[in-house]
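Engineer: Residue strings, one per chain:
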Amino acid sequence: MIWGYIMNKNELLIELKDIEKYFPIRGGIISKTVESVHAVDGLNFKIMKGETFGLVGESGCGKTTTGRLIIGLEKPTKGTIMFKDRDLNKISGGELRELRRNMGAIFQDPHLSLDPRMRIRYVIREPLDIQGSANRSEKDEYVLKIMEKVKLQPSYVNRFPYELSGGEKQRVAMARALINNPDFLLADEPVSGVDVSIRSQILNLIKDLINEMRLTCLFISHDLSVIEYMSDRIGVMYVGKLVELAPVETLYDNPQHPYTEALLSAIPVPGERSKTRIILKGVIPSPINPPSGCRFHTRCPYTFSKCSKDEPKLFEVENDHFVACHLRTKS
Amino acid sequence: MSKLLELRDLKTHYFTREGVVKAVDRVSLDMEKGENLGIAGESGCGKSTLGLSILRLVRTPGRIVGGEILFNGEDIVQKSDEEMRRIRGARISIIFQDPTSSLNPVYTIGDQIGESISLHQYRGGGGVFDWLLGRFKRSRAREVDEKVEDILREIGISDASKRRRNYPHEFSGGMRQRAMIAMALSCRPDLLIADEPTTNLDVTIEAQILDLMKELQKEFDTSVILISHNLGIISELCEKIVIMYAGNIMEFSDIKTLFESPKHPYTEALLNAIPRLGSRGKRLVAIPGEVPNQINPPHGCKFHPRCKDRIDGICNRRSPPTIEIEPGIKVSCYKYISKYELSDMGLYNEQKRIVD
Numbered sequence: 001m002i003w004g005y006i007m008n009k010n011e012l013l014i015e016l017k018d019i020e021k022y023f024p025i026r027g028g029i030i031s032k033t034v035e036s037v038h039a040v041d042g043l044n045f046k047i048m049k050g051e052t053f054g055l056v057g058e059s060g061c062g063k064t065t066t067g068r069l070i071i072g073l074e075k076p077t078k079g080t081i082m083f084k085d086r087d088l089n090k091i092s093g094g095e096l097r098e099l100r101r102n103m104g105a106i107f108q109d110p111h112l113s114l115d116p117r118m119r120i121r122y123v124i125r126e127p128l129d130i131q132g133s134a135n136r137s138e139k140d141e142y143v144l145k146i147m148e149k150v151k152l153q154p155s156y157v158n159r160f161p162y163e164l165s166g167g168e169k170q171r172v173a174m175a176r177a178l179i180n181n182p183d184f185l186l187a188d189e190p191v192s193g194v195d196v197s198i199r200s201q202i203l204n205l206i207k208d209l210i211n212e213m214r215l216t217c218l219f220i221s222h223d224l225s226v227i228e229y230m231s232d233r234i235g236v237m238y239v240g241k242l243v244e245l246a247p248v249e250t251l252y253d254n255p256q257h258p259y260t261e262a263l264l265s266a267i268p269v270p271g272e273r274s275k276t277r278i279i280l281k282g283v284i285p286s287p288i289n290p291p292s293g294c295r296f297h298t299r300c301p302y303t304f305s306k307c308s309k310d311e312p313k314l315f316e317v318e319n320d321h322f323v324a325c326h327l328r329t330k331s
Numbered sequence: 001m002s003k004l005l006e007l008r009d010l011k012t013h014y015f016t017r018e019g020v021v022k023a024v025d026r027v028s029l030d031m032e033k034g035e036n037l038g039i040a041g042e043s044g045c046g047k048s049t050l051g052l053s054i055l056r057l058v059r060t061p062g063r064i065v066g067g068e069i070l071f072n073g074e075d076i077v078q079k080s081d082e083e084m085r086r087i088r089g090a091r092i093s094i095i096f097q098d099p100t101s102s103l104n105p106v107y108t109i110g111d112q113i114g115e116s117i118s119l120h121q122y123r124g125g126g127g128v129f130d131w132l133l134g135r136f137k138r139s140r141a142r143e144v145d146e147k148v149e150d151i152l153r154e155i156g157i158s159d160a161s162k163r164r165r166n167y168p169h170e171f172s173g174g175m176r177q178r179a180m181i182a183m184a185l186s187c188r189p190d191l192l193i194a195d196e197p198t199t200n201l202d203v204t205i206e207a208q209i210l211d212l213m214k215e216l217q218k219e220f221d222t223s224v225i226l227i228s229h230n231l232g233i234i235s236e237l238c239e240k241i242v243i244m245y246a247g248n249i250m251e252f253s254d255i256k257t258l259f260e261s262p263k264h265p266y267t268e269a270l271l272n273a274i275p276r277l278g279s280r281g282k283r284l285v286a287i288p289g290e291v292p293n294q295i296n297p298p299h300g301c302k303f304h305p306r307c308k309d310r311i312d313g314i315c316n317r318r319s320p321p322t323i324e325i326e327p328g329i330k331v332s333c334y335k336y337i338s339k340y341e342l343s344d345m346g347l348y349n350e351q352k353r354i355v356d
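Chains as they are written, first to last, in our numbering: chain A, 1 to 331; chain B, 1 to 356.
One or more of the hints may lead you astray.
[Stated by the list, open to error] Some chain B residues judged to face chain A by a derived CB distance under 7 Å, without partners named:
1) E236
2) L284
3) I329
[As the list claims (entries may be wrong)] Computed beta-carbon distance windows for the label pairs:
4) A:Q153 x B:E68: 43 to 51 Å
5) B:E18 x A:S137: 32 to 40 Å
6) A:R273 x B:S28: 52 to 60 Å
To be clear, the hints were calculated from the coordinates, so they are not data collected in a lab. Remember, it's a predicted structure, so these values are computed and weren't measured experimentally. All C-beta atoms, glycine included, are put in the ideal place defined by N, C-alpha and C.
This is chain A alone, in the form it adopts within the complex (with noise of 0.2 Å):
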């Protein structure tokens, strides 16, 4: 964060560009596909180095499909990743694994991301023994200092996972995504898992490796408050597509696009009863059949006949601020 103001921070780690992701659902005899779902669809956006880049929305926007595409652990239907200038579809194999020591990732339940029957130190050794660099010493020595940096006891080598408490579990994710050394760290959910008290111990440890180890970030949660707190840069997901994507400080203080305005009153404010919430009406639509035009025109308060037949594209209405609504396109 900080780092990436001193730094370059127009130097490009991470492109998507048209990226469709579409799971098939399989049925009758020959299990040929019926439908699919449309997880991630037309997806365009870049991560600098250098910077968190934040991406929040609600239960099925495609959110972690996004995460996982970038990383590598599904491939893209359509369109193409760029993880330092590399074509991520194109290389498999040796290549494959090189590019992605420079990735770490931890993921929500840090209860089913371990192991069970592994001690702590070959949790976290493990991606060292895939890259296999170092002797045996060396890993030890690297396992203890990574430790060190998530504020582990040295002591808890020899645990099993079992023995962690949630935060605890969630630090160990941390030292395994981190002991590689990598330029990237995806944190998809990172504190949904963890206790209120815990949580703000986790998200300051996060935000503090950033900073000491230079990471990019792709900071995915569907809390407001928690994407605020980390994020430099925020994109809005709204069934399988970006709605409005924006510097932290311009989402927050001057929303562009409906779905982005009603996420934000929703939100409960602890210690006020607030009194003009938008409250949406209907449900979420499905991403096996979404809506045409614009993805959010059944729920959206100011829907107009274009929104059904048109889909809106991003569009920057302010330096670095692209929205996706046919409200702001036509001024």
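Fit chain B to the known structure of chain A by using the hints.
Structural biologist: Relative to chain A, chain B alone:
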């Protein structure tokens, strides 16, 4: 105002193989009629067990081991199972976090809402036979169906006569939670316990549900106990709030005072640790340490190992008493007890200073 609910030294413990978990430990609180109370705390602090205890729904190995629950002046702990069945659903109802697992998948939504109406509003002598008889009488069945449709319309489900015949899987998550609320409120209970009613829902759907609850609560004149870890939701609906930690009540206050000037160090720390809107650029103040183990909790005040205001030699010796420091504001913390009182308790020691 008359008291709707009074808890006196309520203790609910779970007797597990590893030891006794004091999930609710000497909890006392009052709730006035027409008032909404929020119970906040982290996971494992006993807030859900407290809710279940009020309905006597705690399952083995859990048991209410002591204390009183006075509902409209009557002690619920002493009631027979038959009497409890008549209270549940009719006078106190509950909704849970996960509507998918609390709805029966093989009955239609209409059947399930209708069940509580026919059970509680039409029951004759009280036997199952009477209920069945009532169910099969055409006119009564039609009357129940009409009531169900009214309720469905009320909770904002359009096309009620068709939707009544839907099964739970045909409803979305938000609609299922609406159906649960409808079911819980169908008999116009005096008290509704809502245990994390919106935790699994998306923000925009959560706003809808909260709005609905507010509306119905006003209309039916039902008091709500809202159990949640989210202080924002509680402030949206409730006037009073209880902060729980490891089975104890730390602070009881009204919403406004709690957020303006939190009294208990745990409340204060909690408020500083939550990311809220407008938090960019600032740094969250994390609470050090971990939530304590419930089988072997710390001695004395359960928060003292993580507390910034702890007084060694006092806080770790005996659990603090609850005192009313301002009208309507109760705190369990030695910070608010003068040294004279402490020396009466045999806790004050001249070397350790206390700020009054």
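Engineer: Compare the structure with each hint and give your call.
Structural biologist: Each hint tested on the structure:
A distance limit of 7 Å between C-beta atoms decides the matter here; for E236 of chain B the minimum to chain A is near 4 Å, and the interface restraint holds. The beta carbon of L284 of chain B comes within 4 Å of a beta carbon in chain A, closer than 7 Å, and the hint placing it at the interface holds. The beta carbon of I329 of chain B comes no nearer than 15 Å to any beta carbon in chain A, farther than 7 Å, and the hint placing it at the interface is violated. For the pair Q153 of chain A and E68 of chain B, the supplied restraint of 43 to 51 Å holds, since their beta-carbon distance comes to about 45 Å.
One distance hint, 32 to 40 Å for the beta-carbon pair E18 of chain B and S137 of chain A, holds here, with the actual separation near 39 Å. Checked against the hint of 52 to 60 Å, the pair R273 of chain A and S28 of chain B fails, with Cβ atoms roughly 27 Å apart.
Of the hints listed earlier, those the structure fails to meet are numbers 3 and 6, in rising order.
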